[in-house]
Amino acid sequence: MEHASYLYLALLWFIGWGVVGAVVTPRIYGRKDLDISQASLAGAATGAAGGPFSLVPLWYLTPKLNWKWVAIPAAVIALIFAGAFAAADPDNFCVTNGAFVTTQIVNGLVIGTIYGLMALGLTLIFSILGVVSFAHGEFYMLGGMGVYYFTTVWFPGLNPFLGVLGAALLTFAIGAIFERVFLRAMNTGKVERPGEYAILVTFGLAFFLQYATLALVGSNPKKVSRFIEYPSFSLPVSAEEPVLDVTASTIRIFDISVSSPRVTAALISLILLAILMWFLYRTWTGKALRAVSEDRQAAAVTGINPNTMNTLAFGLGAMLAGLSGASLVQVFSWVPWVGVQASGRSFVIIVLGGMGSLPGAFVGGLIVGLVEALGAGCIPDPQRAAAYIPAYGMIILTLVLLLKPTGLFGREL
Amino acid sequence: MKTYLILLVVALLLAMPAAAIAAPPAQGQDYVVQADDWLSKLSDKFLGDLLAFPAITYYTNQKNAEDESFAKITDSNVIEVGQKLYIPSQEEAQAYFSGGTERLGTGTIKIGAVVPLSAPGSVTGGETMRAAFEIALEEINAAGGVLGQEVELVLADTEGLPERGTSQMERLINQEGVVAVVGEYHSAVALTEMEVAKANNVPVVFAETWSDSITESQYPQVFRIAPMSSLTADVYASFIDSLAAKRVVIMTENTSYGIDQAESLEEKLVDKGIEAITFSADIGTQDFSGIIERIKAGNPDLIFVSLTGETSYNFEQQAAEAGIGPQDIPMLCNQVAADDEAFWANVPDGNLCIFTRVGLPQSLYTTETTAFVDKYTTKTGKAAAESFAMEAYDSLKLVAQAVNEAGSTDGDAVISALENINYNGALGNITFPYGTQNPIPENVPAKWWHQFPEPAILLVQYQEPGQKFSDSAVVYPDTYKTADVIIAGR
Chain H
4 MEHASYLYLA
14 LLWFIGWGVV
24 GAVVTPRIYG
34 RKDLDISQAS
44 LAGAATGAAG
54 GPFSLVPLWY
64 LTPKLNWKWV
74 AIPAAVIALI
84 FAGAFAAADP
94 DNFCVTNGAF
104 VTTQIVNGLV
114 IGTIYGLMAL
124 GLTLIFSILG
134 VVSFAHGEFY
144 MLGGMGVYYF
154 TTVWFPGLNP
164 FLGVLGAALL
174 TFAIGAIFER
184 VFLRAMNTGK
194 VERPGEYAIL
204 VTFGLAFFLQ
214 YATLALVGSN
224 PKKVSRFIEY
234 PSFSLPVSAE
244 EPVLDVTAST
254 IRIFDISVSS
264 PRVTAALISL
274 ILLAILMWFL
284 YRTWTGKALR
294 AVSEDRQAAA
304 VTGINPNTMN
314 TLAFGLGAML
324 AGLSGASLVQ
334 VFSWVPWVGV
344 QASGRSFVII
354 VLGGMGSLPG
364 AFVGGLIVGL
374 VEALGAGCIP
384 DPQRAAAYIP
394 AYGMIILTLV
404 LLLKPTGLFG
414 REL
Chain A
434 MKTYLILLVV
444 ALLLAMPAAA
454 IAAPPAQGQD
464 YVVQADDWLS
474 KLSDKFLGDL
484 LAFPAITYYT
494 NQKNAEDESF
504 AKITDSNVIE
514 VGQKLYIPSQ
524 EEAQAYFSGG
534 TERLGTGTIK
544 IGAVVPLSAP
554 GSVTGGETMR
564 AAFEIALEEI
574 NAAGGVLGQE
584 VELVLADTEG
594 LPERGTSQME
604 RLINQEGVVA
614 VVGEYHSAVA
624 LTEMEVAKAN
634 NVPVVFAETW
644 SDSITESQYP
654 QVFRIAPMSS
664 LTADVYASFI
674 DSLAAKRVVI
684 MTENTSYGID
694 QAESLEEKLV
704 DKGIEAITFS
714 ADIGTQDFSG
724 IIERIKAGNP
734 DLIFVSLTGE
744 TSYNFEQQAA
754 EAGIGPQDIP
764 MLCNQVAADD
774 EAFWANVPDG
784 NLCIFTRVGL
794 PQSLYTTETT
804 AFVDKYTTKT
814 GKAAAESFAM
824 EAYDSLKLVA
834 QAVNEAGSTD
844 GDAVISALEN
854 INYNGALGNI
864 TFPYGTQNPI
874 PENVPAKWWH
884 QFPEPAILLV
894 QYQEPGQKFS
904 DSAVVYPDTY
914 KTADVIIAGR
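Top to bottom, those sequences are chains H and A.
The numbering of the first sequence is our numbering, which starts it at 4 and goes up by one.
The numbering of the second sequence is our numbering, which starts it at 434 and goes up by one.
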């Protein structure tokens, strides 16, 4: 980086005025007897964006604060940051090459939908059982292994989408049986400290699944061939620089290229997401699930059996992790410990989006996917850019926890 | 009260010399194990030496062969009440310890093996090495063991974690009592393990750890039969230069192995006027899309991959999908590509991958190499033996030979035997020219300490999709070449 000082100045501006805004704004609102629930966050955002030029009018006028007071400053902050970055490192591809940036963004969003699908499972389990499943990554691993075994070992030549279905049933069954056998005890008063019990027993499940798979399957990396072999064509036909260029391995629109198996995986996860939404919002069982997550006792009074819903939720959550693994086994090499990083990422995503919030998990997934792609693409030092991938999510997480501890879409306390 | 105490002390004083006087019997005697007996206690009582218990084990087992009423002791740590033992006389015990008896079957000599068998270590590498160790162990014991005793291999899983390396070495040396340690796949782990080896003066022969710093330490206990990062870097740099590449991207793993290799290669490339950019990623990274787009935008004309295991497969296949794979620009893939079945399953677009092979080319295989490769392929079902399988096999057999030549399990004696070793194995003839007995001359870098100087480093290439490793073409160096390198797009 040639002129790093520009970037540091911008960061100093954000942090300095952000802190001033976060500390002073609630006091001013409090003194005027106004609602201070959003004052700290909005103050920080407004301060970081405009410094004294926006804080003084805010304090003087004290308007009613709503989401706009966070969203608009956030956009301004992003613009200032981008400007400072461009000034600091004018030769960076992220500054000079528009196609590169869009490709990174699209790649980030594509992988983000799959992260989101996996995190949805975790947040679903949390919202209904109140349990953070530490075995979530292992279900992700099992999903991929399931597809491999269904399509390559047990029924060679089986349609890969049937393999995905098989993996979904497998992970659902394991999740549901585990819940019925081990977690049911939490609600029947047989366990003295249910919170700690849940942590330990899901941890145990994680180790069991990982090492049992290692023992059964071995350590050689597995991979499934692409689910869909896209036919090669380009549009318009025989143009020098075609707008759309499809090959078996890559799909390119203008200058944006995404690998084909990833597109397939993202399409699968979008379809699954639509099915899940339909299930949760349009069917009786789905509504019952949501009712239990709102209020267990009230739901029980209306005739919903919370225990059944627990089993269903854990099974579904495990299945969502399994499905995201199943859709990615054609993209990545699959080994029994593949879930470790994935589950860490899911924790970040659900805290980021708000524990128990379904839209939060999905949006959180997109954000983490985006930040990882841009971080890997734009961090000037090539030695660090990819090595810090797990850290990018953590930075976002820290910021969100500082400014909005309930997460982006979390229920207000 | 006081009288009792005095009486007690007197009784003890009387009892002790009584036992001592009764101790050295002129002739051996039978003995039935009582509660609260253990072998070293018995050997102290009867032979006057805590450490003489192997003699009891040996003679009891000898008697057991003639007379079933004597116990058979398989583990000197375990004897049971009621077992009949034979306590040898002093002369017999001395005969045993001076080596006057045939020792086979008296007990075991333990050799430790450190390998990664769980993540984040390279489990593929660890499992491969384990299979090779088993073959070596079988051969050693079939040939009569070491010093006439059966060899027991104690496997320790280091998980690729430096701190696990320390604790596993402590366990091997201080609890299991191994005479030497072999193996290891990860340099970062080896660097902590050798500290424990040094502190306990136990020799260790590293099989597949490339970092220069390992032998640079010049620890008397540390030996290595794998190539060094800087050596391989020389080969890579001249090869890359021969392809007339001008902008090279090095995609490396964030570990001592990867960083060391990338740094030495980068240095050598810059010396030749070739531009090199190093990218690094953690072990276990799945998604490389961001970094691959970035590499692509930089328009390199060669990519060098020093990621390992499935991480390298992930990178290579994703690069191929993005249009900068081995079929688009020359790519030096990681040597795990040697596992052809796994490679083609995970990197279907990996044709034209060039990768390292350590060890002799097929045309120069010795009888030992052929014999090992045959056993290995039968045992594992693989089509050929990876270089780290050969290294693992050799490391164990080498140590067995050294202990035999030393005639003792003493650390210093084994180290001295290793320094003078002349061993013929799968990798060829192994010697360690520089060590305590022949110090490194001033003009030779410190890294040559206890280093096997010539593991042949070859570059091979898959030239057809789905090709077997054994059919891959040797493309560099020219002396061993079997085919010209195929460069994509040229």
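Simulated from the structure, these hints should not be mistaken for laboratory data.
Just to be clear, a hint being listed does not mean it is correct.
Here are the simulated EDC-like cross-link-like pairs (lysine to aspartate or glutamate), alpha carbons at most 20 Å apart as the crow flies [unchecked claim]:
1) Lys729(A) with Asp38(H)
2) Lys505(A) with Glu560(A)
3) Lys407(H) with Asp94(H)
4) Lys729(A) with Asp36(H)
5) Lys67(H) with Asp94(H)
6) Lys729(A) with Glu244(H)
7) Lys701(A) with Asp667(A)
8) Lys729(A) with Asp258(H)
9) Lys812(A) with Asp469(A)
10) Lys705(A) with Asp674(A)
11) Lys729(A) with Asp248(H)
12) Lys808(A) with Glu560(A)
Results of checking the hints against the structure:
Our distance criterion of 20 Å between C-alpha atoms is broken by Lys729(A) and Asp38(H), whose separation comes to about 52 Å. Our distance criterion of 20 Å between C-alpha atoms is broken by Lys505(A) and Glu560(A), whose separation comes to about 34 Å. Of the pairs offered as hints, the one joining Lys407(H) and Asp94(H) is violated, with about 35 Å between alpha carbons and a cut-off of 20 Å exceeded. Between Lys729(A) and Asp36(H), the direct Cα distance comes to roughly 57 Å. Violation of the 20 Å bound is thereby established for this hinted pair.
Our distance criterion of 20 Å between C-alpha atoms is broken by Lys67(H) and Asp94(H), whose separation comes to about 43 Å. Taking the CA atoms of Lys729(A) and Glu244(H), the gap is near 18 Å; set against the 20 Å cutoff, the hint holds. Our distance criterion of 20 Å between C-alpha atoms is met by Lys701(A) and Asp667(A), whose separation comes to about 7 Å. A distance of roughly 13 Å separates the Cα atoms of Lys729(A) and Asp258(H); the hinted pair therefore holds under the 20 Å criterion.
Between Lys812(A) and Asp469(A) the CA atoms are separated by roughly 45 Å; this puts the pair beyond 20 Å, and the hint is violated. For the suggested pair Lys705(A) and Asp674(A), the alpha carbons sit about 7 Å apart, so the restraint of at most 20 Å is met. For the hint pairing Lys729(A) with Asp248(H), the CA-to-CA distance comes to about 18 Å; that is within 20 Å, so the pair holds. Between Lys808(A) and Glu560(A) the alpha-carbon distance is near 16 Å, which keeps this suggested pair within the 20 Å criterion.
Hint check: violations occur at hints 1, 2, 3, 4, 5 and 9; the rest are consistent with the structure.
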